[in-house]
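Student: If you want the building blocks of each chain, they are given just below.
2 protein chains.
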Amino acid sequence: MVAAKLYGPVQQDLALVEELMASLRQVDYPPLAHMLDIVLSGSGKRLRPALVLLSGTFGDYRLDLLVPLAASVELLHTATLVHDDVIDSADTRRGRPTVNSVFHNSTSVMLGDYMFAHAAELVARTGNIRVIRLFAHTLMVMARGEITQDMSAYDSRQDVQEYLHRIAGKTASLFATACEGGAIVAGEPEEWVLALRDYGYNLGMAFQIVDDILDFTGDEAEMGKPVGSDLMQGTLTLPSLLLLQRYPDDNPVQRFFHERTQEHLQQAVLMVRDSEVLDESYAIARQFSRRALEALDVLPGTEARQTLEYLAEYILERRS
Amino acid sequence: MVAAKLYGPVQQDLALVEELMASLRQVDYPPLAHMLDIVLSGSGKRLRPALVLLSGTFGDYRLDLLVPLAASVELLHTATLVHDDVIDSADTRRGRPTVNSVFHNSTSVMLGDYMFAHAAELVARTGNIRVIRLFAHTLMVMARGEITQDMSAYDSRQDVQEYLHRIAGKTASLFATACEGGAIVAGEPEEWVLALRDYGYNLGMAFQIVDDILDFTGDEAEMGKPVGSDLMQGTLTLPSLLLLQRYPDDNPVQRFFHERTQEHLQQAVLMVRDSEVLDESYAIARQFSRRALEALDVLPGTEARQTLEYLAEYILERRS
Numbered sequence: 304m305v306a307a308k309l310y311g312p313v314q315q316d317l318a319l320v321e322e323l324m325a326s327l328r329q330v331d332y333p334p335l336a337h338m339l340d341i342v343l344s345g346s347g348k349r350l351r352p353a354l355v356l357l358s359g360t361f362g363d364y365r366l367d368l369l370v371p372l373a374a375s376v377e378l379l380h381t382a383t384l385v386h387d388d389v390i391d392s393a394d395t396r397r398g399r400p401t402v403n404s405v406f407h408n409s410t411s412v413m414l415g416d417y418m419f420a421h422a423a424e425l426v427a428r429t430g431n432i433r434v435i436r437l438f439a440h441t442l443m444v445m446a447r448g449e450i451t452q453d454m455s456a457y458d459s460r461q462d463v464q465e466y467l468h469r470i471a472g473k474t475a476s477l478f479a480t481a482c483e484g485g486a487i488v489a490g491e492p493e494e495w496v497l498a499l500r501d502y503g504y505n506l507g508m509a510f511q512i513v514d515d516i517l518d519f520t521g522d523e524a525e526m527g528k529p530v531g532s533d534l535m536q537g538t539l540t541l542p543s544l545l546l547l548q549r550y551p552d553d554n555p556v557q558r559f560f561h562e563r564t565q566e567h568l569q570q571a572v573l574m575v576r577d578s579e580v581l582d583e584s585y586a587i588a589r590q591f592s593r594r595a596l597e598a599l600d601v602l603p604g605t606e607a608r609q610t611l612e613y614l615a616e617y618i619l620e621r622r623s
Numbered sequence: 304m305v306a307a308k309l310y311g312p313v314q315q316d317l318a319l320v321e322e323l324m325a326s327l328r329q330v331d332y333p334p335l336a337h338m339l340d341i342v343l344s345g346s347g348k349r350l351r352p353a354l355v356l357l358s359g360t361f362g363d364y365r366l367d368l369l370v371p372l373a374a375s376v377e378l379l380h381t382a383t384l385v386h387d388d389v390i391d392s393a394d395t396r397r398g399r400p401t402v403n404s405v406f407h408n409s410t411s412v413m414l415g416d417y418m419f420a421h422a423a424e425l426v427a428r429t430g431n432i433r434v435i436r437l438f439a440h441t442l443m444v445m446a447r448g449e450i451t452q453d454m455s456a457y458d459s460r461q462d463v464q465e466y467l468h469r470i471a472g473k474t475a476s477l478f479a480t481a482c483e484g485g486a487i488v489a490g491e492p493e494e495w496v497l498a499l500r501d502y503g504y505n506l507g508m509a510f511q512i513v514d515d516i517l518d519f520t521g522d523e524a525e526m527g528k529p530v531g532s533d534l535m536q537g538t539l540t541l542p543s544l545l546l547l548q549r550y551p552d553d554n555p556v557q558r559f560f561h562e563r564t565q566e567h568l569q570q571a572v573l574m575v576r577d578s579e580v581l582d583e584s585y586a587i588a589r590q591f592s593r594r595a596l597e598a599l600d601v602l603p604g605t606e607a608r609q610t611l612e613y614l615a616e617y618i619l620e621r622r623s
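Read top to bottom, the protein sequences are chains A and B. Here my numbering is used: the first residue of the first sequence is 304, the next is one more, and so on. Here my numbering is used: the first residue of the second sequence is 304, the next is one more, and so on.
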């Protein structure tokens with residue numbers, strides 16, 4: 304778990320979210336309980352739930368509504384991870400390593416569906432139709448983002464603009480919804496709701512870009528996945544896209560997409576690591592982080608706001 | 304499409320559901336639009352949407368609420384079919400034929416998620432928290448039913464009670480929710496809401512049993528799947544369970560589960576077809592159909608009630 308200071312004034316209340324999530328694992332069908340144990344008892348940072356609570360502090364901080372909402376966001380996130388693990392083993396379009404896969408495909412799908420349904424049940428506990436529709440819409444955007452990523456696998460004709468659009472759907476939309484949802488449930492003025500949504504969106508963009516950088520630079524053990532795993536699946540991210548842009552001829556990424564050998568992959572990873580594209584990628588992440596900070600301008604200068612400001616810094620510095 | 308008389312007084316209004324479902328296919332991302340075309344432009348009977356509308360006729364028949372609800376039920380149903388098509392090609396636990404699969408696994412998962420999200424959005428349009436929670440709960444029950452089916456694949460130690468529990472979750476729960484949801488949205492008295500839920504549940508049970516019978520007796524072309532496809536996937540249904548019960552020693556079903564040859568499978572299918580277990584299965588389906596009819600007793604004798612009564616007969620007689 305993370306240092307106490309990270310989530311400031313809501314750090315303690317996150318234990319209530321943890322408690323609610325633990326209670327979801329108490330089902331009377333042992334195989335399902337076991338599966339939920341595996342996917343929910345994570346050492347996750349609980350960043351998304353923290354954003355819900357922090358955003359709720361600027362209004363009527365009702366934990367009876369905010370805690371289910373926070374658990375719902377985390378459950379939605381975890382369910383998409385479970386679904387993301389479904390693979391096409393016979394399909395070279397997504398030659399993902401199966402070493403980490405714990406469940407059968409069909410089981411992963413149904414487990415994810417169960418979790419989505421639970422997330423829907425939790426968000427419905429807020430009794431707030433606007434928030435329910437926001438969540439439904441977010442899941443649509445997220446699924447669409449994943450479909451786009453799938454469709455563009457091993458296609459080197461993408462550009463940075465398409466990449467940004469893709470991660471907006473895949474990641475930033477849920478960050479935005481976490482913040483917006485918290486603010487709506489707390490009955491905050493529209494200006495603050497929009498500001499927090501704006502903050503969440505930009506924080507999510509920066510978060511995902513750093514994630515994509517760490518896929519090249521991170522420690523395999525810390526990250527829990529092999530270095531270069533995005534490329535391995537045919538997914539171009541900001542560093543590899545910038546590398547293709549910078550060196551359009553005879554690029555190891557292109558060579559790997561044409562002929563998928565381990566050697567080409569390693570060359571591509573090394574070239575990204577040794578080039579200036581990592582600094583450029585960080586600069587773009589920093590830009591989104593700065594926009595996130597600016598969005599907070601209209602909010603009162605509370606401890607929660609300071610924590611949100613700190614988070615915008617923290618996600619740039621994280622190493623896993 | 305089905306004969307005009309089948310859905311009686313709501314037949315015409317089903318066109319509005321069809322229209323709404325067609326509008327869902329209008330998305331600005333061509334690959335997604337194409338996929339939605341394939342899965343939504345079906346020649347489905349739209350039985351579940353009809354149940355929503357018919358159930359709503361006993362109260363305040365508000366099409367602005369009932370039509371989105373009906374479309375949501377159908378979308379939920381179609382999404383589960385899409386997810387059901389995800390296979391484990393390298394996994395002999397579910398040796399399903401891939402010949403009918405149109406999409407990659409990962410795409411099927413995301414497409415289904417997109418449809419679930421859309422279903423959630425549609426049900427939220429009713430503005431009715433009780434109905435929203437009912438839907439979320441139903442999806443949980445359905446996913447759980449599928450997980451149970453998955454976990455018990457190729458396990459011949461199941462009994463009829465477990466089978467009934469399984470199809471209650473997998474199928475009857477959504478039929479029940481279609482009827483209950485329609486009644487709630489129409490603001491009907493609790494007694495009628497419960498009666499219609501009861502009707503839907505028993506209709507769904509009968510419907511699924513007949514479905515499982517047709518898997519042995521149906522025409523391959525009409526059904527759109529090979530005869531004996533349930534057994535092929537290791538799924539025991541009522542006919543095969545009764546056969547195992549009746550002939551516990553040296554049963555072709557058991558032989559097929561032990562050694563999965565095409566020959567054993569054909570023997571199992573032929574033995575079911577030639578035995579009395581089909582009649583017994585129909586008798587159990589008829590029992591559920593009768594309970595469905597009885598549940599309608601408290602409702603006024605309208606044309607809609609007559610249609611619901613007719614449907615309880617129709618599902619027993621259908622051939623595909």
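Please note that the accuracy of each hint is not assured.
Some chain A residues well away from chain B (every beta-carbon gap over 10 Å; in silico) [claimed, not checked]:
(1) Pro312
(2) Leu343
(3) Arg428
(4) Arg436
(5) Arg447
(6) Thr451
(7) Asp453
(8) Val463
(9) Ala471
(10) Met526
(11) Gln557
(12) Thr564
(13) Arg594
FRET-style restraints, in silico, Cβ to Cβ [to be verified]:
(14) A/Lys348 x B/Arg576: 14 to 24 Å
(15) A/Arg328 x B/Tyr332: 28 to 38 Å
(16) A/Gln315 x B/Gln590: 53 to 63 Å
These aren't lab readings, by the way, just hints derived from the structure by calculation. Cβ atoms here follow ideal geometry from the backbone N, Cα and C, with glycine treated the same way.
Student: A separate judgement is required for each hint: does it hold in the structure or not?
Tutor: Checked hints:
no. : hint                            : result
1   : Pro312                          : holds, 30 Å
2   : Leu343                          : holds, 15 Å
3   : Arg428                          : violated, 8 Å
4   : Arg436                          : violated, 5 Å
5   : Arg447                          : violated, 6 Å
6   : Thr451                          : violated, 7 Å
7   : Asp453                          : violated, 6 Å
8   : Val463                          : holds, 19 Å
9   : Ala471                          : holds, 14 Å
10  : Met526                          : holds, 21 Å
11  : Gln557                          : holds, 23 Å
12  : Thr564                          : holds, 22 Å
13  : Arg594                          : holds, 26 Å
14  : A/Lys348 x B/Arg576: 14 to 24 Å : violated, 57 Å
15  : A/Arg328 x B/Tyr332: 28 to 38 Å : holds, 36 Å
16  : A/Gln315 x B/Gln590: 53 to 63 Å : holds, 56 Å
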